Amino acid sequence: MLVHEQPGAHRPGGIVAIANDESHRLTGPPREYNRAPECNRSGSARIPLQPASEPAQNMPSGNHVDYLLLGVLALIWSTSFLLIKIGVTGMEPFTLTAIRLVIAAGVLLLVLRLSGRRLVVTRPAVRLYAFVGVLGNALPFSLISLGEVTVTSSMAAVLMGIMPVATFVLAHLLIPSEPMTARKFVGVSLGFGGLIALVGMSALGTIGSDPLGQLAVLGGALCYALTAVYVRIHGMFGTLEAATGAGLVAAAAGILFAFWLEDPLTMTPTAPALWAAVILGAVHTALAALIYFRTIRNLNAVTFAQINYLIPVLGSIWGILLLGESFGPNVVMALCLVLAGIYFVQPRRRTRAATSAP
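In our numbering, the protein residues as written are 51 to 408.
Calculated directly from the structure, the hints in this document are not laboratory data.
Hints are supplied without guarantee of correctness; some may be wrong.
[Claimed, not checked] Simulated DEER-style distance windows between Cβ atoms:
| id | residue 1 | residue 2 | range |
| --- | --- | --- | --- |
| 1 | Val219 | Leu371 | 28 to 38 Å |
| 2 | Leu223 | Tyr393 | 18 to 28 Å |
| 3 | Trp325 | Ile370 | 20 to 30 Å |
| 4 | Asn113 | Gly258 | 38 to 48 Å |
| 5 | Trp310 | His114 | 38 to 48 Å |
| 6 | Leu254 | Pro379 | 11 to 21 Å |
| 7 | Leu223 | Thr320 | 38 to 48 Å |
| 8 | Asn113 | Pro322 | 33 to 43 Å |
| 9 | Pro379 | Gly156 | 13 to 23 Å |
| 10 | Gly378 | Trp310 | 37 to 47 Å |
| 11 | Met317 | Gly156 | 18 to 28 Å |
| 12 | Gly255 | Ser376 | 14 to 24 Å |
| 13 | Val171 | Leu265 | 28 to 38 Å |
Values in this document were obtained by computation on a predicted structure and should not be read as measured data.
For each residue, glycine too, the CB sits at the ideal point set by N, CA and C.
Given the sequences, and given the hints that come with them, work out the whole structure.
Given below as structure tokens:
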């Protein structure tokens with residue numbers, strides 16, 4: 051993970067360094083907002099949660115570090131389906147989700163404490179925690195874990211591919227700075243084409259064969275799309291605080307779902323399932339949440355959503371490298387189409403001549 055170090059400064063390493071780096075990045079002059087900056091209870095400046103509308107040409111396009119972190123996040127999440135498969139073979143899906151979320155919340159709380167920062171507790175912040183915690187974590191994690199019990203990996207990849215399409219439409223409707231353009235349409239279409247090239251047209255023939263499982267995975271994809279757009283609109287404050295607050299709400303919701311729908315106290319999970327839950331919680335949820343809040347703030351929502359096309363391709367590469375699965379030209383074609391899609395959904399950068407004063 052890349053962290054910008056100030057010369058001569060002593061800073062902790064690991065996740066704490068990433069979190070503190072975000073704190074320093076947020077103290078610079080913000081864009082124009084509808085309200086003046088407020089202070090949280092710790093006395094530090096807090097950027098308001100509702101940014102003013104921006105013209106389309108000024109929408110965020112990110113830098114090289116943001117794209118590198120997007121790739122790291124895709125690498126992390128590309129192993130999630132494998133770990134979930136291991137987890138649900140040794141424990142019930144909602145219990146797996148609850149354990150995963152509790153571990154993630156504990157890790158994030160520890161990082162927050164080590165960084166010497168406090169949770170932002172304001173009405174807009176609590177709304178963000180609740181929305182992301184339930185709709186962006188507890189509910190989709192539970193739905194996808196439930197769907198993975200019966201849905202094949204290729205079908206799950208196709209259903210998760212609806213997320214970028216839904217984000218494309220929702221961003222146009224709800225985010226003034228991210229209008230629907232022909233360039234973005236081409237990018238989203240290329241990404242979906244790459245997904246189909248990877249799994250094959252035969253995967254589409256299984257749509258409807260397992261309606262409940264497929265609807266569960268599709269519901270998870272739509273939850274992610276709604277969350278991506280919501281965070282782009284309202285998530286304009288510290289990465290660590292946002293991730294921790296959402297993680298606490300998600301853990302509470304996950305526990306409620308588990309005890310409502312299952313009986314976790316009577317289960318005897320297998321050792322591989324427990325290890326899968328620990329890795330999913332610490333790496334795929336806690337660390338991923340810190341990267342998620344940074345990248346989605348600095349990249350536009352449609353660009354971030356392309357990660358759902360990249361994840362299955364990387365998952366196939368993991369299978370080739372680790373499991374000895376066969377390598378076919380469809381993997382190369384899929385990767386090329388997905389990368390081309392990511393390129394096309396970027397906003398065009400204005401030239402120096404266009405931005406300079408006359």
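**Asked** Which of the numbered hints above does this structure break?
**Response** Checked against the structure, the only hint that fails is number 9, while the rest are satisfied.
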